[in-house]
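Student: As they're listed, the protein sequences go chains F and W. Per the numbering used here, residue 1 is the first one in the first sequence, and the count goes up by one each step. Per the numbering used here, residue 1 is the first one in the second sequence, and the count goes up by one each step.
Treat the hints as calculated values from the structure; they're not laboratory data. Incorrect hints may appear among the rest.
Just so you have them, the derived chain F footprint on chain W, three or more residues with Cβ under 8 Å [as the list claims (entries may be wrong)]:
no., region
1, 40-52
2, 97-107
3, 124-132
4, 169-177
Straight-line C-alpha distance at most 30 Å; calculated DSSO-like pairs for lysine-lysine [claimed, not checked]:
no., chain 1, residue 1, chain 2, residue 2
5, F, K43, F, K297
6, F, K155, F, K43
7, F, K454, W, K50
8, W, K151, F, K230
9, W, K157, F, K454
Far from chain F, by Cβ distances over 10 Å, these chain W residues were calculated [unchecked claim]:
no., residue
10, Q6
11, R76
12, R162
Every residue, glycine too, gets a C-beta built ideally from N, C-alpha and C.
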Amino acid sequence: MAGHPLSSLLRPASIAVIGASRDPAKWGCKVLRNIVGNPYKGKVYAVNPSVSAIEGVACYPGVGDVPGGVELAVVIVPSPAVPRVVDECGAKGVKALCVITAGFGETGPEGARLEERVRERAASHGMRMLGPNTMGFLNNAIGLNASVVPKMPPKGEISFITQSGALGLSLVDWSIGSHLGLNCVVSTGNKADVSEADLLEYFEEDGDTRTIAMYIEGLKDGRRFLEAAKKVRKPKLAIKAGMSRAGARAAASHTGSLAGSDAVYDAAFRQCGVVRVEGVGEMFDAAMALSTQPRAKGNRVAILSNGGGAAIMASDACERRGLTVPELRRHTKAGIARLLPAFASVKNPIDTVAKSDHDIYRDALRALIDDDGIDCVLVIYAHGGFTNPEEPARAVIDALRDKCPKPVVACWMGGREVGDVARMFRRNRVPYYPTPERASEALSALIRHYELGKAPRK
Amino acid sequence: MMLNEQEARELLARYGIPLNESRAASSAAEAAEAARHIGFPVAVKALSGKIVHKSDLGLVELNATNPGEVILAAGRILSVAREIDPAAGVLVSAMAPPGVEVIVGGKRDPQFGPIILFGLGGIFVEIFRDISVRVAPVDRAMAMDMIDDVKGYAVLKGARGRKAVDLEALAGILVAASRLMMERDEVLELDMNPVMAYGKGAIAVDARALVRD
Chain F
1 MAGHPLSSLL
11 RPASIAVIGA
21 SRDPAKWGCK
31 VLRNIVGNPY
41 KGKVYAVNPS
51 VSAIEGVACY
61 PGVGDVPGGV
71 ELAVVIVPSP
81 AVPRVVDECG
91 AKGVKALCVI
101 TAGFGETGPE
111 GARLEERVRE
121 RAASHGMRML
131 GPNTMGFLNN
141 AIGLNASVVP
151 KMPPKGEISF
161 ITQSGALGLS
171 LVDWSIGSHL
181 GLNCVVSTGN
191 KADVSEADLL
201 EYFEEDGDTR
211 TIAMYIEGLK
221 DGRRFLEAAK
231 KVRKPKLAIK
241 AGMSRAGARA
251 AASHTGSLAG
261 SDAVYDAAFR
271 QCGVVRVEGV
281 GEMFDAAMAL
291 STQPRAKGNR
301 VAILSNGGGA
311 AIMASDACER
321 RGLTVPELRR
331 HTKAGIARLL
341 PAFASVKNPI
351 DTVAKSDHDI
361 YRDALRALID
371 DDGIDCVLVI
381 YAHGGFTNPE
391 EPARAVIDAL
401 RDKCPKPVVA
411 CWMGGREVGD
421 VARMFRRNRV
431 PYYPTPERAS
441 EALSALIRHY
451 ELGKAPRK
Chain W
1 MMLNEQEARE
11 LLARYGIPLN
21 ESRAASSAAE
31 AAEAARHIGF
41 PVAVKALSGK
51 IVHKSDLGLV
61 ELNATNPGEV
71 ILAAGRILSV
81 AREIDPAAGV
91 LVSAMAPPGV
101 EVIVGGKRDP
111 QFGPIILFGL
121 GGIFVEIFRD
131 ISVRVAPVDR
141 AMAMDMIDDV
151 KGYAVLKGAR
161 GRKAVDLEAL
171 AGILVAASRL
181 MMERDEVLEL
191 DMNPVMAYGK
201 GAIAVDARAL
211 VRD
């Protein structure tokens, strides 16, 4: 990633925290603590004219007084002081800025003017700038938490770009609770310089990112986003909040009133291959499947379940989302029939009539993957309390051990007693969901990603 | 500022969009003369950039079949329209044979710039908002995809024994509208509502354009 204009920002070799503070209630203290309290290996300096050391980090009166080079400056000084600090950073040869300070464009026209001044100065020094009004970012690949978020999420392959700071915060906490791994989380703040488009380009090249998730309230330059996103081959998911038509000007034409902002976002996302999702849960369910599974070649789903009820619910959930649950090849049915009691159903969805033995699940799953009329498989285990949920889970993991050419998602229904399965699946890169609806929604996102990647029909 | 229909038509014609023949007139007698040129039956409409909702105000008369009817319709329309806009005239247009009505439009979106809209006309667009949208430029393949996208696609493909309409012709109009929106920065919004689609060909029978002042 060295050489990418944003690598100085997201993978810096050295950091100065300007406006570092001893007061644990202040962000200048929290951010410094987060940087030094995590495995980040680069050089860290604190800048504050009135103290000599904070959190065991040497403190200098100005960024110009720092003895070594500084690649990234994290700025947490009061807003009127930011333009001066930006100039000092420029003079020092700093490469990138992360301006956490608020009180800019989000406050009104006066703040917007200040923001423009800061942007111009950063640009004149050739520095890229995240924010202002950002909650910072974290990068698990280098163990760096340059944000106000107190804890690092588990390491993963999803990078998340968020326009809402608070949503980013809560999401990190949520990902810790749900064992969902994240690679980077970047809060874009006011996007005076670095925008979603820049970050998309960066994450496309970033070897640690497999899926890019975005929370967007409004794009500043939609066309630039569209052009950047078109070039990104990795799966891209987005929540676009603010669908209401409030504030839309009374249109003079039919087109004006029909093609509202939301319809245009829908069209734009589709044109650049961004899968639009409704909410955070849905986005990360989909991201888990997209990061770990191969591309779906089509929408034909096979369902394997130890219970008829869950199987039927899963079929319904798939069909509601435009997926099909087709008849299996005769050869597949014969193979699976040999594994099951004579009265079991070998129609898709397959009901093993309460059988969840390791070999049955493993061999049935393999047979389904081998069926050339099937594009993806949904494996369900409904916990009745009399079988061990880990046994069929191990079977899924074993069946997928040799690189599986088709996406497989798992749905383990139950509460406390299926809890350990979540960890097993996560370690082995099997996307796992507690309900058939969520599993089928994730499959549908996988398939939509594939369809968006295809050229438009001639 | 809203162009009057004649100006909007001239703009569309420059991009090769087929339109039914129309002539502007500033009096009832001129309207009758225009109708004789075009051939009967004709439609008579108020011609003014200041009057947006012509049909709501009763300023559209369809199917005038002789000079007498044209004089009557134009006289009535002119007297009402000139209370709103003293410079109003009338537009006399050839009656287009009935076809499947669709809407084609364009607009400049604040985030994405020029966008193109396609929809099935009449109640499909009014009630069901059955539309598809793309950020311009729209090429032929994308235009076909847009047409395919509307829920009422079956209607265009000839549902229940009806003849399919000329999808290529519709795609051509979409591509032309896209080119217009991409090249003419001053055009903010554009409506062709309706475009009449036939087994062979399609023509815009109404035109509206909002341009920067």
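Student: For each hint, tell me whether it holds in the structure or not.
Tutor: Results of checking the hints against the structure:
Under a criterion of three residues with beta carbons nearer than 8 Å to beta carbons of chain F, the stated coverage of the region 40-52 of chain W fails, only 1 such residues being counted. Beta-carbon proximity to chain F at under 8 Å applies to 4 residues in the region 97-107 of chain W; the threshold of 3 is reached and the given coverage holds. Residues of the region 124-132 of chain W lying with their CB closer than 8 Å to a CB of chain F number 4, which satisfies the three-residue condition for coverage. Check result for the region 169-177 of chain W against chain F: violated, 0 residues qualifying (beta carbon to beta carbon below 8 Å, three or more required).
The straight-line distance between the Cα atoms of K43(F) and K297(F) is roughly 47 Å, outside the 30 Å bound, and the hint therefore fails. For the given pair, K155(F) sits about 22 Å from K43(F) by alpha-carbon distance, which is consistent with the 30 Å threshold. Simply put, K454(F) and K50(W) have alpha-carbon atoms about 45 Å apart, too far for the 30 Å limit, and the pair is violated. Between K151(W) and K230(F) the alpha-carbon distance is near 26 Å, which keeps this suggested pair within the 30 Å criterion.
Simply put, K157(W) and K454(F) have alpha-carbon atoms about 23 Å apart, close enough for the 30 Å limit, and the pair holds. Listed as outside the interface, Q6(W) is consistent with that label: its C-beta sits roughly 17 Å from the nearest C-beta of chain F, beyond the 10 Å cut-off. Residue placement check: R76(W) keeps its beta carbon more than 10 Å from all beta carbons of chain F (closest about 26 Å). Every beta carbon of chain F lies more than 10 Å from that of R162(W), the smallest distance being close to 23 Å; the non-interface claim holds.
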